[in-house]
Amino acid sequence: MHDFTYRTASSVADAAAKVAAGEDAVLMAGGMTLLPTLKQRLAQPSDVVDLGGIDSLRGIQVSGGTVTVGAMTVHDAVANSSEVAAAIPALAALAGHIGDPQVRNRGTIGGSISNNDPAADYPAGLVGLGATVCTDRREIAADDFFTGMFETALADGEIVTSVRFPAPEAAAYMKFPNPASRYAIVGVLVARTAGGVRVAVTGAASCVYRETAMEAALEGNFSPSALDGMTASADDLNEDIHASAEYRAHLVGVMARRAVAACG
Amino acid sequence: MPKDGIGASVKRKEDYRFITGQGAYTDDIDRPGQTFAVFVRSPHAHARIASVDTAAAAAMPGVVKILTGADYAAEGLGGLPCGWQVTGKDGPMVEPAHPPLAVDRVRHVGDQVAVVIANSAAEARDAAEAVAVAYEALPAAASIEAALAGGAAQVHDEAPGNLCYDWEIGDKADVDAAFADAHHVTRVELVNNRLVPNAMEPRAAVAEYDRATREYTLYTTSQNPHVIRLLMGAFVLQLPEHRLRVVAPDVGGGFGSKIFHYAEEAILTWASSKVARPIKWTAERAESFVTDAHGRDHVTVAELAMDRDGRFLGLKVDTKANMGAYLSTFAPCVPTYLYATLLAGQYTTPKIWCGVQAVFTHTVPVDAYRGAGRPEATFVVERIVETAAREMGIDPAELRRRNFVPSDAFPYQTPVALVYDSGNYEGTLAAALAAADYNGFAARRAEAESRGKLRGIGLSAYIEACGIAPSAVVGSLGARAGLYECGEVRVHPTGSVTFFTGTHSHGQGHETTFAQIIAERLGVDIDAVEVVHGDTSKIPFGMGTYGSRSLAVGGSALSRALDKVETKAKRIAAHLMEAAEGDIEFADGQFTVAGTDKSVGFGDVALTAYVPHNYPIEELEPGLDETAFYDPANFTFPAGCHVCEVEIDPETGAVEIASFAASDDFGNVINPMIVEGQVHGGIVQGVGQALLEGCVYDSEGQLATGSYMDYTMPRADDVPSFSVSTETTPCPHNPLGVKGCGEAGAIAAPAAVMNAVHHALSSRGVSRIDMPATPARIWQALNAA
Ligand SMILES: Cc1cc2nc3c(=O)[nH]c(=O)nc-3n(C[C@H](O)[C@H](O)[C@H](O)COP(=O)(O)OP(=O)(O)OC[C@H]3O[C@@H](n4cnc5c(N)ncnc54)[C@H](O)[C@@H]3O)c2cc1C
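Chains as they are written, first to last, in the numbering used here: chain A, 1 to 264; chain B, 1 to 785.
Here chain B stands alone, though its shape is the one from the complex:
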């Protein structure tokens, strides 16, 4: 094995440029003659636009052009499309128009009304302030509860009662029957708090039109440039793919929020041909807060039926999910197919029913955010299982063990559509409990009590469906795209390699991980490998990065392309060594003939492919450049157990995380250091959701947490040093045996933290604390108990 191959903690190749400030992000791109755009945005959550007067603004210094919703509508172009159609009990979801510039109504604070393009950003901002929009403010429905109340303000006329869809999975009567036999039923009410994604790099875009070639180029902060090209080209602006190039250069974090096709991308591209100059837009942080799609925002009631021994008989879940004001690109699938299908968790619960009502509100659209649906599902399952254990007087670890899908039961068909491929839930539970010194907890609690502190411990045995996704399956569920991945391995004449991938790295370290796989397979030095992503003019095609899919799907495409390279290289090597193709072996970069001492190096074969003097030219094309598309056979199912221990100061309500241990099964691991980093980041985001981050809208629909003065991002000193380890059951259906690790921490951690918080507070009679469990909330609950 080469030293930088599979399994090595290779330092990330990309980090030199990132930590020395040499990254090239969208805002770093400056094009000759560039102009600057500033969007005029609604200050109201809901208002009728009586008029938009741009005359004064147009006369301001440096203004190049001002475009309004009426201008856009006049050209008969499309609205922002939704990529997933969910069909509910009463038929397809309501899919209201989403104009990229509002025409007669605004539906959330931040909704864009006009764009001002000027010679400088400062001039554009000055002029944007001078655009006179006459709003007639209307009542708003700014929360799920408010939107579902009788007489609520309507977000869209075509969605009566603000309902987007009312969907269900499972047979309710069947589940009710299981409850009839129950020895005990545990019921929980849960709020999965709304989150603001807050990537470190705000969204930005530069659009440019070349009159000579009639080609548009859009540089944008995207996790999936081909998807943006498809959606914007085909559905919004009606531009053909060959005249539309989308580039997502270095991107500073996405967490889901940069999957979606946003209005600014379409408007800049559209406007770039009108002004015949490049246009740049970079969101300010305050703008990001009111325009990036938010995450989570569920309200749920769940019930779990058990027999005398605590065996799960049935689970009923009723969820209301906030969609925000418009349907963002993947919003409808998040609280349905990415959520309810995970409600079996790691357990053999035989009967499950889940109903989901998706609700429009006068808030920023809500869509996938790190974990997307699976954190919400894990929170439901793991909060109710832990609560059930406490109510039944069974140790929470033991109750889980009694109900785990056993290791010999795979593949395992759950009652909610998915087939789990492999796993070892006892193994990850045991490893996490050992790392957390679960057995020593009672002594630590007693010691904490002597200091006047409340100590609690909580588990979260999570599962996720990753490696998104088998195209035919998601197509049958309403996806309007395939979810395969594409990779091209271009071996150069001297044996170095460029790999073109349709996935996109915005912090995940793909330039290293993929290079390790290539180094391992071809026996080349890792520095002889370059990974290219994020440019539709270079990469054949791709669906991008989200849903922990890059390695499981994109890595599989790479693996398939490498198979093709190896097959062809073996034929060339056979010719060079005058041997039969079937006798050629390839290892450590050397082709050998079995049973002889003949050998030829990979570099020589590559050179021969491009300098085909001694070459089987009649049978084989020159060159060594192979592309593969890989469509997964199933989802992958990373799973594991996280254990959190907290200490609460009852005088102030402050929570300190005393320890956090994670044991995860991600299948085979390519780079343990990168995996550990992904888990760390995920846990911090999960801790953020549990204890710190809470997006608050007031009843008028104004965002009360619109800056870091009020929205609490997790900081390094909010978390302890983590204990992180992996237990491996390889994925049986992809060539690398990998499952994905990017979302696990964010999925597992909230339930672990909140179970620990509830455990700590249980001695004081507190039974319910919602996320984020801030000191104020905890003190309030302690006081009320």
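Isolated chain A, as found in the complex:
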């Protein structure tokens, strides 16, 4: 780890000011991604601004068919919230399958989506459920938030404050984990919402995306058989030592069918 200045923040505005003031400052949530990056000397920030002291960023509110999760809420809190389980069980289940207990008790929704790892689970959750990301400056629809591999619509120093999920009619998330990291090789969230069917895919490509052909097929017939024989196109899908693009394309179909089946 290179030297940096550690700073605490008392409020979102305080954090924003400290990030802006630093020469090359970064925000820290649970540090689950940031700290390994620093330890491997892959980043050399001047300042690390810890969001951990800002209570307003933590917590879950459920009201009128909307679940709002504060940016600093850890995965374990979402996984074990009875309110989330009642309103959007798929969201609780998704959070409960992230990493391991240590990671779930440090890692946050804000950190996860700001980092936008192509194999992370939450991006599929946000896009699949049609969530809205709230920042200290504006609101961004999930469809517009995830812009590329490790890239988001966030401007420099912009802070995610919460994520708002509308409760769907039905939804399920199916994840085929990477055997080593247990991030998603392919994760598919299928949701039947008032605005239509959404099928969001993570892990398969460089960034979360929607399988529009599957959405269309399910629009008319919301059952696993509607997806029979359907896979993703292997073009542009990830290929690594764990899975070929063809295998990922195939798994998108399998996970999507299983998710539809799990929607009941």
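Think of the hints as simulated: they come from the structure by calculation, not from any bench. Note that the Cβ used here is the ideal one computed from N, Cα and C, for glycine as well. Mixed in with the good hints, there may be bad ones.
Covered stretches of chain A (chain B as the covering partner; in silico rule of three or more C-beta atoms under 8 Å from a C-beta of chain B) [claimed, not checked]:
| no. | segment |
| --- | --- |
| 1 | 134-148 |
| 2 | 232-243 |
With a straight-line Cα cutoff of 16 Å, these simulated EDC-like cross-link-like pairs (lysine to aspartate or glutamate) come out [said to hold, decoys possible]:
| no. | chain 1 | residue 1 | chain 2 | residue 2 |
| --- | --- | --- | --- | --- |
| 3 | B | Lys-598 | B | Glu-581 |
| 4 | A | Lys-39 | B | Glu-287 |
| 5 | B | Lys-11 | B | Asp-527 |
| 6 | A | Lys-39 | B | Glu-284 |
| 7 | B | Lys-274 | B | Asp-71 |
| 8 | A | Lys-39 | B | Glu-129 |
| 9 | B | Lys-564 | B | Asp-625 |
| 10 | B | Lys-564 | B | Glu-626 |
| 11 | A | Lys-39 | B | Asp-71 |
| 12 | B | Lys-564 | B | Asp-527 |
| 13 | B | Lys-11 | B | Asp-30 |
| 14 | B | Lys-11 | B | Glu-511 |
Beta-carbon label-pair distances, calculated as ranges [as the list claims (entries may be wrong)]:
| no. | chain 1 | residue 1 | chain 2 | residue 2 | range |
| --- | --- | --- | --- | --- | --- |
| 15 | B | Arg-715 | A | Thr-212 | 47 to 55 Å |
| 16 | B | Glu-700 | A | Gly-195 | 45 to 53 Å |
| 17 | B | Pro-406 | A | Gly-264 | 58 to 66 Å |
| 18 | A | Gly-64 | B | Ala-784 | 47 to 55 Å |
| 19 | A | Thr-212 | B | Gly-440 | 47 to 55 Å |
Following the hints, position chain B with the ligand against chain A.
Just chain B with the ligand now, kept in the frame of chain A:
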């Protein structure tokens, strides 16, 4: 029998300190004035070092000293030695120099080029980044196949074609003749995948030089501190034993990777006198991946000839084994004497030939890893036997039974040098099949099919040669050391006991097992016994722990030392009770005179030995402290049968282990709970090799699986609850009748799992899946079939 004696599942004495965080590992040791070392390592698999410029780094804050390969070479010191010389068809193996700091060439990613010593680890790391090494990258040969290809990059000039040796055992013409009479020949091609050992505790070392006594002390993560002292002192740094102390304190797992003498140990010790301050180095996990010796990495073609009834007529095995970039301490013996000699398995195969080509590549050195050679042999034998059974339409259990060495045939001379001492292969097979409900498999398969799942069952009837090893035998095969063991039993004046052993415990529970033997023999409470290991200044000598040798060899040394204690104690007791020595009996801690009610306790005898007022001082020295060296008469041969049942999801290729049953013959068992734990751990490692762990180098020699993001370690939820049991035939040639249990699981499990996977996939026309059988590979194979 005392309640904590032989056969009792005593809770491990050492676990209190381990599970409460009180263990004292090498990295926990801090010496006054300590400095910190960071190694500058090659990012290239193969490169020429044009220059090493340390000027900028030396000027950085906190830097104490920077030493390079040129500095080391200038002092005329030795390279890292190899402890075993294999002689191939064309003469002795090629044994290239292995400088502890590279001089003009680097040969694998992670090869060390320089060491930076600074006041803090952070300063050392900063400065290490500032050491400017000008590399001229060269083409690399990063796999066996690439290294043997025409025009391949050469790892060492003195090893043309990258061949270390071309070795064989058995008479090829004789075996070919057996094949000529065969009714059926089964052929398999196998890859024994390369593994990264991944002990929980990374390697670490602290070295210190005392100018007043001119003594060096090295604390290191080792399975065999005396061996390190011998190799480093005599061959590398030329330091005499009496001025070199090597301490291996608590060690968090080794699995073989901490047997070997590593460059960091020698460089730290060498540098400690130069900086005149202690130096500490602790590997980071990423560093462990590219510097700990890896395991396995064989490519094999095998053929088995059978008669009409499936009786084995002959076995031919052709293996290529990856040595990595340099010869690690025991590397050459692993794919030869620890491998090919086990190819008879549990069977009476009359003719066996095996050829082994050992190959240099631009990868981390490969050496012994849990099982070392024997898992590779078991994988060959048990994969080909199972395949043969399926091809012949004979039940795999039945085919094995037809070919087993019968229980009344021991001692049994195999065609590949070893003499099996005892065993009951029918017994362990029957027990494992019963535990696995082998007969109920067809119904379970049908049920799985109804759910769209593919179910398979696989057997592995393994054998291993443990209790390593008779010194004269291994000496004649090229070992450059003896492989006896030493133990000292020091009875204290009040009757408590300290046992000093040359073996080393890094997870195996020796502090408990050895204490149980002493409690049993001397009738003392187990809490009155302390077991000490891992310090050359305390223990007379020792060869350490590997090859499931600690109990069979170290326990035998203990047993012999206890014999001596008992003999002397009886003489003292005879004197105290005014009886003839021959009339003294000893049981449950009491010496009695046969036919009388006279008795004296062990504690009284011990006190008398140290307070010799009423004592036969003319004939007997005071004190009660006895040492024994034990050199085994033969290897021991643990054997057994493991049965694995899997269920495969054909849609994703995911494998679930539905059940796993093991029946093992380890000879007599001292602590059944510890044995069970060893078997559990071994099976998990074997499952890891079969399904999860695959070390991947890309064609440039970069390690693609250099962290846990990409290298899949087995986790608790990857395995089911195991059914584990033992069947005992005592070892006839050691005093405890024990055989060893530390490696069995890792040896047996891969073949059991892979036989089950192949069985499950056979209904879909898949005939070959290599380890690790990942979901992606299985899906690929299902798709291609
Ligand atoms: C072993 C391990 C296994 C994991 N497995 C999974 C898995 O299976 N699935 C999965 O989805 N994830 C997984 N993760 C990731 C984990 O879920 C974390 O959410 C993720 O690492 C982010 O961590 P964090 O919340 O602590 O954020 P940090 O590491 O603190 O920050 C991550 C990045 O986000 C920025 N940031 C943080 N908070 C905000 C904010 N409020 N506004 C703007 N920017 C912000 C930081 O500046 C930084 O760049 C795993 C991580 C580990 C270490």
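Here is what the structure says about each hint:
Coverage of the segment 134-148 of chain A by chain B is violated. Counting CB-CB distances below 8 Å, 0 residues qualify, and the rule asks for three or more. By the rule of at least three residues with a Cβ nearer than 8 Å to a Cβ of chain B, the coverage given for the segment 232-243 of chain A holds, with 3 such residues. For the hint linking Lys-598 of chain B to Glu-581 of chain B, the alpha-carbon distance of about 13 Å falls within 16 Å, and the restraint holds. Taking the CA atoms of Lys-39 of chain A and Glu-287 of chain B, the gap is near 13 Å; set against the 16 Å cutoff, the hint holds.
For the proposed pair Lys-11 of chain B and Asp-527 of chain B, the alpha carbon gap of about 12 Å is at most 16 Å, so the pair holds. Restraint check: the Cα-Cα separation between Lys-39 of chain A and Glu-284 of chain B comes to about 10 Å, which is no more than 16 Å; the hinted pair holds. Annotation: proposed proximity of Lys-274 of chain B to Asp-71 of chain B holds, straight-line Cα distance about 12 Å (limit 16 Å). This hinted pair checks out: Lys-39 of chain A and Glu-129 of chain B have alpha carbons roughly 14 Å apart, not beyond 16 Å.
Between Lys-564 of chain B and Asp-625 of chain B the alpha-carbon distance is near 9 Å, which keeps this suggested pair within the 16 Å criterion. The straight-line distance between the Cα atoms of Lys-564 of chain B and Glu-626 of chain B is roughly 6 Å, inside the 16 Å bound, and the hint therefore holds. A hinted pair counts as satisfied when its Cα atoms are at most 16 Å apart, and Lys-39 of chain A with Asp-71 of chain B does not qualify at roughly 30 Å. Under the criterion of a C-alpha separation no larger than 16 Å, the hint pairing Lys-564 of chain B with Asp-527 of chain B is inconsistent with the structure, at around 22 Å.
At most 16 Å may separate the alpha-carbon atoms for a hinted pair to count; Lys-11 of chain B and Asp-30 of chain B exceed this at roughly 31 Å. For the hint pairing Lys-11 of chain B with Glu-511 of chain B, the CA-to-CA distance comes to about 11 Å; that is within 16 Å, so the pair holds. Remark: the range hint 47 to 55 Å for Arg-715 of chain B to Thr-212 of chain A is contradicted by a beta-carbon distance near 36 Å. Distance hint check: the CB atoms of Glu-700 of chain B and Gly-195 of chain A are about 49 Å apart, consistent with the given range 45 to 53 Å.
In this structure the hint that Pro-406 of chain B and Gly-264 of chain A lie 58 to 66 Å apart at CB holds, the actual value being about 60 Å. In this structure, Gly-64 of chain A and Ala-784 of chain B meet the distance hint of 47 to 55 Å, their C-beta atoms being roughly 53 Å apart. For Thr-212 of chain A paired with Gly-440 of chain B, a C-beta distance near 48 Å keeps the hint of 47 to 55 Å intact.
Checked against the numbered hints given earlier, the structure breaks hints 1, 11, 12, 13 and 15 and satisfies all the rest.
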